[in-house]
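So the protein sequences, as listed, match chains A and B. Using this note's numbering, the letters of the first sequence map in sequence onto residues 1 to 486. Using this note's numbering, the letters of the second sequence map in sequence onto residues 1 to 96.
The reader is advised that the hints may include incorrect statements.
In silico DSSO-like cross-links for lysine-lysine, where the CA-CA straight-line distance does not exceed 30 Å [to be verified]: (1) A/Lys95 x A/Lys266; (2) B/Lys42 x A/Lys266; (3) A/Lys113 x A/Lys95; (4) B/Lys21 x A/Lys95; (5) B/Lys86 x A/Lys301; (6) B/Lys91 x A/Lys95; (7) A/Lys243 x A/Lys412; (8) B/Lys86 x A/Lys95; (9) A/Lys279 x A/Lys412; (10) A/Lys113 x A/Lys266; (11) A/Lys95 x A/Lys243; (12) A/Lys95 x B/Lys42; (13) A/Lys279 x A/Lys243; (14) B/Lys91 x A/Lys304.
What the hints contain is simulated information worked out from the structure, not anything from laboratory work.
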Amino acid sequence: MPGILELPASEIVRRVKLQEISVEEYIGECFERIRTVDPKIHAFLTLTEDDAMVRAREIDIRTRRGEKVGSLAGVAVAVKDNICTMGVRTTCASKMLERFVPTYDATVIERLKAQDAVIVGKTNMDEFAMGSSTEQSAFGPTLNPYDLERVPGGSSGGSAASVASFEATVSLGSDTGGSARCPASFCGVVGLKPTYGLVSRYGLIAFANSLEQISPIGRRVADVATVMDCISGHDSRDSTSVKTGPTSLRSHLIEDVSGIRVGVPKELFGEGTDEVVSKSVWDALKRLEGLGATCEEVSLKSLKYALASYYIISMSEASSNLARYDGLRYGFRLEDEDWDWSEAFSRNRREGFGPEVKRRIMLGTYALSAGYYNQYYLKAQKVRTLIRQELSRVFKVFNILASPTMPILPFKLGEKLRDPLEMYMCDFDTVTANLAGIPAISIPCSTYRGLPIGIQFMAPPFREDLLIRVSYTLEKSLRLDLRPAV
Amino acid sequence: MSGRIITSEEVRRLAWLSKIKISKNEERRYLEEMGEILEYFKMLDEVNTEGVEPTYHVIELVNVTREDVAQQTSSNSLLEIVPVMKGRYVKAPRII
Chain A
1 MPGILELPAS EIVRRVKLQE ISVEEYIGEC FERIRTVDPK IHAFLTLTED
51 DAMVRAREID IRTRRGEKVG SLAGVAVAVK DNICTMGVRT TCASKMLERF
101 VPTYDATVIE RLKAQDAVIV GKTNMDEFAM GSSTEQSAFG PTLNPYDLER
151 VPGGSSGGSA ASVASFEATV SLGSDTGGSA RCPASFCGVV GLKPTYGLVS
201 RYGLIAFANS LEQISPIGRR VADVATVMDC ISGHDSRDST SVKTGPTSLR
251 SHLIEDVSGI RVGVPKELFG EGTDEVVSKS VWDALKRLEG LGATCEEVSL
301 KSLKYALASY YIISMSEASS NLARYDGLRY GFRLEDEDWD WSEAFSRNRR
351 EGFGPEVKRR IMLGTYALSA GYYNQYYLKA QKVRTLIRQE LSRVFKVFNI
401 LASPTMPILP FKLGEKLRDP LEMYMCDFDT VTANLAGIPA ISIPCSTYRG
451 LPIGIQFMAP PFREDLLIRV SYTLEKSLRL DLRPAV
Chain B
1 MSGRIITSEE VRRLAWLSKI KISKNEERRY LEEMGEILEY FKMLDEVNTE
51 GVEPTYHVIE LVNVTREDVA QQTSSNSLLE IVPVMKGRYV KAPRII
């Protein structure tokens with residue numbers, strides 16, 4: 001393994017600026033690595049090698065001339081394929097968008113490019129971000145770099161697997177109910193879901209717009225902080241973007257948790273939780289106590305209802321958001337027959353969407369339909385209020401909350417594909433943060449028989465700084481030596 | 001109707017409302033899977049939400065407005081992604 005690919009983002013930037021490494025050489029090595037590893041794990045759907053090499057050479061020329069380069073100069077970034085990239089196809093891992101080429105960049109892509117990051121490709125995912133294993137991709141699954149018989153988690157499976165296997169230095173995923181934290185946990189990397197509204201959703205292809213946020217993924221806490229500081233902050237093109245400047249999370253990479261009060265909701269260690277996972281998380285919490293934090297169990301009764309509430313709301317929003325895919329202006333369209341519009345759209349959608357997407361659109365339609373609206377959709381939104389209220393009460397006592405990210409270890413391919421509800425249950429610990437709009441992070445805390453285990457921290461809105469500080473301290477103390485099998 | 005939350009007829013109607021054509025086999029599969037999922041959702045019935053306001057969005061949403069000024073876009077690249085064209089027009093299926 002070439003050492004340059006293992007460097008943290010900030011170290012790459014430092015050496016690029018000092019001309020100690022050439023961006024062309026480093027990006028070239030990334031693609032070498034991709035050619036070796038990706039046939040085994042299938043993290044990428046599209047590679048942007050030509051464009052990346054051109055940009056790399058440009059940055060090298062500018063540093064040689066002594067010109068100023070950006071805060072991510074040269075850093076190789078992999079981007080989830082539901083984030084629009086101008087001129088580069090963006091498929092959402094769906095047959096529906098197989099040939100869709102956006103005519104504009106998402107705001108996060110503009111910001112990455114403005115800071116001289118280099119995009120190496122678009123990563124695999126569950127179709128339209130609906131899934132927890134990346135098995136629902138229309139273009140075949142991504143495999144876990146730690147065990148090729150197991151799933152990488154989802155839906156941002158490609159983004160997490162690419163970073164875990166050193167194909168890219170950092171990546172962007174998206175997180176609607178755990179879609180960045182779940183694969184981060186299963187692939188032994190760090191994933192941060194920001195406070196709702198902190199990162200622009202302009203150019204993120206919508207699945208459930210009141211829940212989702214673009215989320216950075218990296219091998220270290222510092223890398224995630226570095227990317228957040230680049231992509232966060234107000235964007236007038238997104239009406240759900242909060243009026244605040246970019247974060248300065250790098251200044252919170254502090255090894256100190258003294259006085260931090262950690263609440264541990266026992267509902268998130270429920271009956272579906274693997275004992276190995278529980279024990280690893282508690283071991284990590286004891287370590288934090290040793291470093292000066294206090295950890296205390298707490299009961300949050302409303303969390304029992306978070307999963308049902310989350311799925312009703314996300315499916316309802318999905319049924320509305322995905323109504324635009326009729327195959328007319330873009331997307332999948334069958335050969336023209338003499339069908340009327342209803343028949344034509346219904347056939348395009350039947351062929352263009354995979355089974356999980358269809359299931360969720362139909363269930364969302366059900367929850368929003370006359371006669372069921374009050375019982376499902378409205379009820380779920382009220383339960384969401386109760387969850388938010390309970391969280392805001394508990395955050396008066398505790399600075400952050402801790403739990404497993406995933407209740408189980410990475411599972412084998414196909415293991416949960418036949419039972420959708422069993423797959424949904426995997427999200428039990430992650431959906432709460434999306435319902436409440438609060439930030440949450442997953443970082444590796446242990447391994448079991450070579451498989452990574454993640455711990456999750458949640459904080460009050462806009463307190464990413466606390467997540468970064470606690471995660472950074474734990475990461476430094478644990479010194480895990482994570483090595484993928486590929 | 002005993003026990004069953006959702007019927008075959010409702011699954012067919014949902015498919016029609018969602019504009020997704022489904023086969024007989026899919027209908028049977030969705031009936032079973034959706035029944036199980038909706039059964040799980042029913043747990044919300046036990047939560048007392050009297051007098052509780054719904055949270056449609058976690059932040060205050062404000063309309064964003066701007067001057068309506070025409071901007072140059074590449075109509076060619078936009079039209080390149082249209083699956084079926086007739087001349088310079090997007091070909092739509094018949095309405096009736």
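> Between B/Lys86 and A/Lys301, does the CA-CA distance stay at or below 30 Å?
Replying inline: Violated - the C-alpha atoms of A/Lys301 and B/Lys86 are around 59 Å apart, more than 30 Å.
>> Holds or violated: A/Lys95 and A/Lys266, Cα atoms, limit 30 Å.
In response: violated, 41 Å
>> For a C-alpha distance cap of 30 Å, please report whether A/Lys113 and A/Lys95 respect it.
In response: holds, 28 Å
> Given the hint that A/Lys113 pairs with A/Lys266, does the C-alpha gap stay at or below 30 Å?
Replying inline: violated, 43 Å
> Is the straight-line distance between the alpha-carbon of A/Lys279 and that of A/Lys243 30 Å or less?
Replying inline: At roughly 41 Å apart (the allowed maximum being 30 Å), A/Lys243 and A/Lys279 break the hint.
> Does the structure keep B/Lys91 and A/Lys95 at a Cα separation of 30 Å or less?
Replying inline: holds, 21 Å
> Taking 30 Å as the top limit, are the C-alpha atoms of B/Lys91 and A/Lys304 close enough?
Replying inline: violated, 49 Å
> Within a Cα-Cα threshold of 30 Å, do B/Lys42 and A/Lys266 meet the stated pairing?
Replying inline: The given pair, whose Cα atoms are some 23 Å apart, holds under the 30 Å limit.
> Does the structure keep A/Lys95 and B/Lys42 at a Cα separation of 30 Å or less?
Replying inline: Given pair A/Lys95, B/Lys42 is violated - Cα atoms ~33 Å apart, limit 30 Å.
> Going straight from one Cα to the other, do B/Lys86 and A/Lys95 come out at no more than 30 Å?
Replying inline: holds, 23 Å
> Hey, A/Lys95 versus A/Lys243, does the alpha-carbon distance stay inside 30 Å?
Replying inline: Distance of about 36 Å is beyond 30 Å: violated.
> Does A/Lys279 pair with A/Lys412 here, judged by a C-alpha cut-off of 30 Å?
Replying inline: holds, 22 Å
Violated hints, listed in ascending order, are 1, 5, 7, 10, 11, 12, 13 and 14; each of the other numbered hints is respected by the structure.
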